[in-house]
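There are 2 protein chains.
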Amino acid sequence: MDENPPRLPLDGIRVIDLTRVLSGPFCTMMLGDMGAEVIKVETGEGDPIRSQGTLRDGFSWYYAAFNRNKKSVLLDLRSDDGRAALGRLIASADVLVDNFRPGVLAKMGFGKDRLNELNPRLVTAQVNGFGSTGPYVDRPAFDFIAQAMSGLMSVNGFAGGEPVRSAQPITDLVAGLYLAFGIVNALRARDLNGKGQHVEAAMVNGAISMMAYLASEYFVTGRLPQRTGNDHPLVAPYGLYKTADGEIAVAPSNDVILRKFLASLDLEHLLDDSRFDTNAKRFQRRAELHDLIDGALARDTSEAWIARINAAGVPCGRVQDIAQAFADPQVIAQEMAIDVDHPGHGAVRMLGFPVKLDGTPCTVRHPAPELGQHSEEVLASVGYSSEDVGRLKVR
Amino acid sequence: MDENPPRLPLDGIRVIDLTRVLSGPFCTMMLGDMGAEVIKVETGEGDPIRSQGTLRDGFSWYYAAFNRNKKSVLLDLRSDDGRAALGRLIASADVLVDNFRPGVLAKMGFGKDRLNELNPRLVTAQVNGFGSTGPYVDRPAFDFIAQAMSGLMSVNGFAGGEPVRSAQPITDLVAGLYLAFGIVNALRARDLNGKGQHVEAAMVNGAISMMAYLASEYFVTGRLPQRTGNDHPLVAPYGLYKTADGEIAVAPSNDVILRKFLASLDLEHLLDDSRFDTNAKRFQRRAELHDLIDGALARDTSEAWIARINAAGVPCGRVQDIAQAFADPQVIAQEMAIDVDHPGHGAVRMLGFPVKLDGTPCTVRHPAPELGQHSEEVLASVGYSSEDVGRLKVR
Numbered sequence: 001m002d003e004n005p006p007r008l009p010l011d012g013i014r015v016i017d018l019t020r021v022l023s024g025p026f027c028t029m030m031l032g033d034m035g036a037e038v039i040k041v042e043t044g045e046g047d048p049i050r051s052q053g054t055l056r057d058g059f060s061w062y063y064a065a066f067n068r069n070k071k072s073v074l075l076d077l078r079s080d081d082g083r084a085a086l087g088r089l090i091a092s093a094d095v096l097v098d099n100f101r102p103g104v105l106a107k108m109g110f111g112k113d114r115l116n117e118l119n120p121r122l123v124t125a126q127v128n129g130f131g132s133t134g135p136y137v138d139r140p141a142f143d144f145i146a147q148a149m150s151g152l153m154s155v156n157g158f159a160g161g162e163p164v165r166s167a168q169p170i171t172d173l174v175a176g177l178y179l180a181f182g183i184v185n186a187l188r189a190r191d192l193n194g195k196g197q198h199v200e201a202a203m204v205n206g207a208i209s210m211m212a213y214l215a216s217e218y219f220v221t222g223r224l225p226q227r228t229g230n231d232h233p234l235v236a237p238y239g240l241y242k243t244a245d246g247e248i249a250v251a252p253s254n255d256v257i258l259r260k261f262l263a264s265l266d267l268e269h270l271l272d273d274s275r276f277d278t279n280a281k282r283f284q285r286r287a288e289l290h291d292l293i294d295g296a297l298a299r300d301t302s303e304a305w306i307a308r309i310n311a312a313g314v315p316c317g318r319v320q321d322i323a324q325a326f327a328d329p330q331v332i333a334q335e336m337a338i339d340v341d342h343p344g345h346g347a348v349r350m351l352g353f354p355v356k357l358d359g360t361p362c363t364v365r366h367p368a369p370e371l372g373q374h375s376e377e378v379l380a381s382v383g384y385s386s387e388d389v390g391r392l393k394v395r
Numbered sequence: 396m397d398e399n400p401p402r403l404p405l406d407g408i409r410v411i412d413l414t415r416v417l418s419g420p421f422c423t424m425m426l427g428d429m430g431a432e433v434i435k436v437e438t439g440e441g442d443p444i445r446s447q448g449t450l451r452d453g454f455s456w457y458y459a460a461f462n463r464n465k466k467s468v469l470l471d472l473r474s475d476d477g478r479a480a481l482g483r484l485i486a487s488a489d490v491l492v493d494n495f496r497p498g499v500l501a502k503m504g505f506g507k508d509r510l511n512e513l514n515p516r517l518v519t520a521q522v523n524g525f526g527s528t529g530p531y532v533d534r535p536a537f538d539f540i541a542q543a544m545s546g547l548m549s550v551n552g553f554a555g556g557e558p559v560r561s562a563q564p565i566t567d568l569v570a571g572l573y574l575a576f577g578i579v580n581a582l583r584a585r586d587l588n589g590k591g592q593h594v595e596a597a598m599v600n601g602a603i604s605m606m607a608y609l610a611s612e613y614f615v616t617g618r619l620p621q622r623t624g625n626d627h628p629l630v631a632p633y634g635l636y637k638t639a640d641g642e643i644a645v646a647p648s649n650d651v652i653l654r655k656f657l658a659s660l661d662l663e664h665l666l667d668d669s670r671f672d673t674n675a676k677r678f679q680r681r682a683e684l685h686d687l688i689d690g691a692l693a694r695d696t697s698e699a700w701i702a703r704i705n706a707a708g709v710p711c712g713r714v715q716d717i718a719q720a721f722a723d724p725q726v727i728a729q730e731m732a733i734d735v736d737h738p739g740h741g742a743v744r745m746l747g748f749p750v751k752l753d754g755t756p757c758t759v760r761h762p763a764p765e766l767g768q769h770s771e772e773v774l775a776s777v778g779y780s781s782e783d784v785g786r787l788k789v790r
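The listed protein sequences correspond, in order, to chains R and H. Start counting the first sequence at 1; every next residue gets the next number (my numbering). Start counting the second sequence at 396; every next residue gets the next number (my numbering).
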């Protein structure tokens, strides 16, 4: 038996986090969830997200949700003393993360050479909109624009309708996740090679990487994928169907599963019907087939059909709104919403951990910090006295 | 100067990959891109993706795109000999990944105890639909169903319209990415603790984790987010606007940027107009404001406006289809489409690398393998002779 709990994956890793709002803080939160000491360096009023979203008693739950497992240090990075303190923090760290536009960190006095001088083992990391080379390097970026330019919006939506964005800020989050993956890999490379390196992830690149077979099909055929709403671009039946009391999503992903689906509806005979006996025919007569399926489903409730169709081995479920999703017994069993006590602000509900490790599970070791809450503790770790800290904070 | 190139982040890591189609192969491809030796163990006709998508000369570009940097070993896992060979491979490995339903691997003879006996340092990993605990553990899963159940579809689409799925198979890919992140973390934890552990990522959990502020706002207010198409749920102006020759996406993310945007259109005076001088008023008169902006934009082309508005520091771009995205000079500069030579099949175009490391950049070290191409090489590494390999493959 171990006397001590196992060390978390990123135990002993210090991350200096200059990021703000969403993509960068999401990345560093994941590093914190895995055990890194994440030091959020803030200036002035701090990360703008602190005042975004609905506040409860002056506290943003949106901020809380993206900044658990971090410490906050307040520095004035426009002052020489503030930048000197940042230099000492960087010298003490394993990872430096920013989500400025490319070049901004260098203008602050922390170009590549200076960082290498401060800390040759440092992993530097940036999440940005378009990458740090190419004609758009200086453009400002935002999730909606990255969605538009990447091709992502062009395939979302209904045939004959407009392109539509993902309501989820998907390009921020995917880029943040890629960056976190890149950082942990760079740390392993450092273990092997003894050197740090620079890691980047860009919002447009991340969105493009989600194109999967849509990209492959475009590359091989030269044809553009079309918007098909909730229908599959190539396969029928597939989509949303009406039951006695609502709607269910069904996705029979191959012929074996299709047979099981139709059998569970007492419609297996359709596969021997000359109107529907190939996918090409079913696809062409999709509307007719849809009506036949709706007709069969009208005999019972969504709940009954979902149980029956899943039991037959066919993927099937409800379109749930967010309230239904968080009330779903499976989502509850997976602890995808957690309540975290924030001293002075009470319990804050936030998203749980999407990566489950059974030996070193993610936990909230500390809630999202107050602005500058850890200035003294962290700055003391790089040689500043309490008086120094007071001076650094007021400048 | 180094004589030798630096070692890749996952150099020396052997991954036994039992996954098929999309979520799992995407995960293991990322591990392969980072330098792991990924051994794709296939049975029968191999991964079904080999015959999915448009084939060119009998070869699937979809398969090629998700299986670069892997080796293929063909085994009959229904035979005792085949399973014994898999056991030897597992004993030689660092990571075992599957995307079966929970419990299937145990039924194949590789339950937790057996795996621990074979290899106590093994990191085991699974990507699945719903997680391995909870009432839906035995349900079949598919991207569309995970999108429906997670709440993701409920917020996508236009006000008054239907919920709409993301055309990208986002729940497969995000879960695969989370699993890859978890695996590399588990390898670091093994470096610290000497032990392997089990890692999981589920499609529904991954989709829920993308809810970001939509979840925070629901938790803090109890109100459901509404579908708002390409408009922002809280802020105006924001969205798609008409130019002389097309449409542009504009996202002024705060008051300073909004002023720059309106100034670049010679509409700055609107901020002093009592109809539009607060966000609340602009939001209420969104249609009217939209028309005023469209009127100003009608004076010039999309290209001219995009240059001018970006130069003013305001995020702005075109809605590009996939062809336009891959022809975009920025996307080309970032090498997000690459051509990979596949012996016997010619050059296959596929997506590039979304994570950029400057010291140990990702490359295609070998293209997607033929079925069983590496059986002999890999099985020799665990003690099988050429005759053994021939015997194992025919069974």
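Be careful, since some hints might not be right.
Straight-line distance between alpha carbons at most 30 Å, and here's what the computed BS3-like set of lysine-lysine pairs gives [to be verified]:
1. 590/H with 502/H
2. 107/R with 590/H
3. 281/R with 242/R
4. 281/R with 260/R
5. 107/R with 195/R
6. 502/H with 195/R
7. 502/H with 260/R
Since the hints were made in silico from the structure, they are not lab data.
Taking the hints in turn, this is what the structure says about them:
1. 590/H with 502/H: holds (24 Å)
2. 107/R with 590/H: Not satisfied, since the Cα-Cα distance of roughly 44 Å exceeds 30 Å.
3. 281/R with 242/R: holds (22 Å)
4. 281/R with 260/R: The given pair, whose Cα atoms are some 19 Å apart, holds under the 30 Å limit.
5. 107/R with 195/R: holds (24 Å)
6. 502/H with 195/R: Roughly 44 Å separates the two Cα atoms, so the pair is violated.
7. 502/H with 260/R: Holds, at about 23 Å.
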